[in-house]
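If you want the building blocks of each chain, they are given just below.
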Amino acid sequence: MSLVFRLARRNLFHDRLRFVATVVGIVFSIVLVTVQMGLFLSFDRMVTTMIDHADADLWIVPRGTKCFEDPSLIDERERFRALSVEGVVDATPVVIGFAQWRMRDGGTTPVFVVASDMRGSGLHPWNLVGGSVDALSIPGAVAIDRSYFERLGSNGLGDSAEIRDQKVEVTAVTSGIRSFTTTPYVFTTLDRGRSYVGTSSSKASYFLVRLAPGADAGAVRGKLDATLVDAVVLTPQEFRSRSRSFWLFGTGAGAALFAGALLGMIVGTVIVAQTLYSSTKDHINEFATLRAIGSSGRYIHKVIIFQALLSAVIGFGIAAAIGWIIVRATANSALPVVMTPMLLAGLFLLTVGMCVLSAIAAIVQVMRIDPAMVFTR
Amino acid sequence: MTEPVLEAVDVVKVLGNGAGRVEALRGVSLQVAGGELTLLMGPSGSGKTTLLSILGCILTPTRGTVRIGGRSTAGAGPEDLARLRREHIGFVFQSYHLFPTLSALDNVRLPLDVRGEGARMARAKAKEAMATVGLSHKVRSYPQALSGGEQQRVAIARAIVANPSAVLADEPTAALDSANGQTIMTVLARIARNPSRGVLVVAHDPRIIPFANRIIHIEDGRIVGVEPGGAGLKSR
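Protein sequences, first through last, are from chains W and G.
Read in order, the letters of the first sequence are residues 1 to 377 in this note's numbering.
Read in order, the letters of the second sequence are residues 1 to 236 in this note's numbering.
Rather than coming from a laboratory, the hints here were simulated on the basis of the structure.
Okay, derived cross-link-like pairs now, DSS-like style, lysine-lysine, Cα gap no bigger than 30 Å in a straight line:
(1) W:Lys223 with W:Lys203
(2) G:Lys138 with G:Lys127
(3) W:Lys302 with G:Lys125
(4) W:Lys302 with W:Lys281
(5) W:Lys302 with G:Lys138
(6) W:Lys66 with W:Lys203
(7) W:Lys203 with W:Lys167
(8) G:Lys138 with G:Lys125
(9) G:Lys127 with W:Lys302
Looking at chain W on its own, in the form it has when it is part of the complex (with noise of 0.2 Å):
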């Protein structure tokens, strides 16, 4: 094994407070940014989690709608519109929209109702931990995840409660369907959904449109876009990123999360550079005699680049650790920090990118030394 490691570990480990400042310093960035990250991804999956999970080819949505949760409305004329047009066999409609839920022990809390028809294809609650779709068919059923329990005031299945004066009762219960509003989703059938929101019966949210096996999506589409008068028509692809456009960046709750991420970098990257700088400083007369013995400035790159690698690979190895903690204990939470594999490979990247941008000012350092200082100490 060449010396270089062994000297990079050696320096790394010989003042081991400042090792452990070290660590900490990359333990404590890497958390901030798997959690900002984390948050990150999980707001991504939430802001199209009802589009992921909807039956549709295409969407038929209001003019102007910035995401699912835009409660804008269209009028049942143009799903006739829609129908009419070769190559369309179902046009669904759903509606959204804001209603006061209504405890038992009389307190409110806002919900966000999304309502479908449970009988054929639509936007059914998936998950389900308990109950059944076709149990939403029972008058006054409604779907809550379990992740709400709380705020709703239920204990689960069999629990009822208000919504708009009506008696509603919990008869599904799904596991991980959560708002980025942190507004409860609450799952039912379309009159009752309409009823609950105070929409008129000619009125809908969206219109999920189904295709005839074969037929041309592009084509069907502009015909469509041709056909309908107050409505427009985008893709699964283009709604997902139209939701995450205005959530994540138009609200601005993804540049704060970027913001902090890129925070803790240069929290890491500073205390990284910093305790490798004195580092190096307080072995200058050994990098100094490397250079009077002939090493090359290559040699000497590699014995302070490894010593940011084995920084990095030990605070990863912590930070990950930790990062995992945090992800199962928000697992369930209606905050929930979500790790992937990429994100993960990412995170390692980004430790090792920042431990090697640390080392260069140590690496600038080490490149001024004199070798004659050698005959001077």
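Starting from the structure of chain W, add chain G where the hints point.
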């Protein structure tokens, strides 16, 4: 005298500028021959260390020529000079400059590692160098566990392990007591017997004179005298 392994021709070195300008060397010419221990003596500030630094390719001369094995170092950049040092020069410093975090063997192995030599071969050569300086039993010791004399012997082993053509020693006995100083000089004199290697020792300790083949006196940046040393007289 055999072929010089190191040669300085009319070397001038100016340090600093403006009011702080000092002419440290004023036209120095000397040769370090293979198979010889040359002693460079002079008072403090006479230019000994500056000359050693220039001969060791650590500093470049303001004017004049330095040749290593007959090849001029003129125009060499910092990396070229580093290459010349690792290929041709071994250094022994007054303060040893051993790496406290490395064992004696790894300290000795360092110049070979710097040259990119394989670990197994480097370890074998380092052990051989440690044996040359009589420290085979201390290969696993760390510098802080060694006496001053032992540390300097490790430094000598490090200087010779890559088989350089010149070993340059800066006050190698200054930090040692008399007995250890004698040991160090005995080792250096033995190393200098190799006809393909010259040893230049900078010192002002007269007890070193018996070990030298040649003594060069320097004052105010000029060579003011050359005379045979104790070893030189014996060999006549």
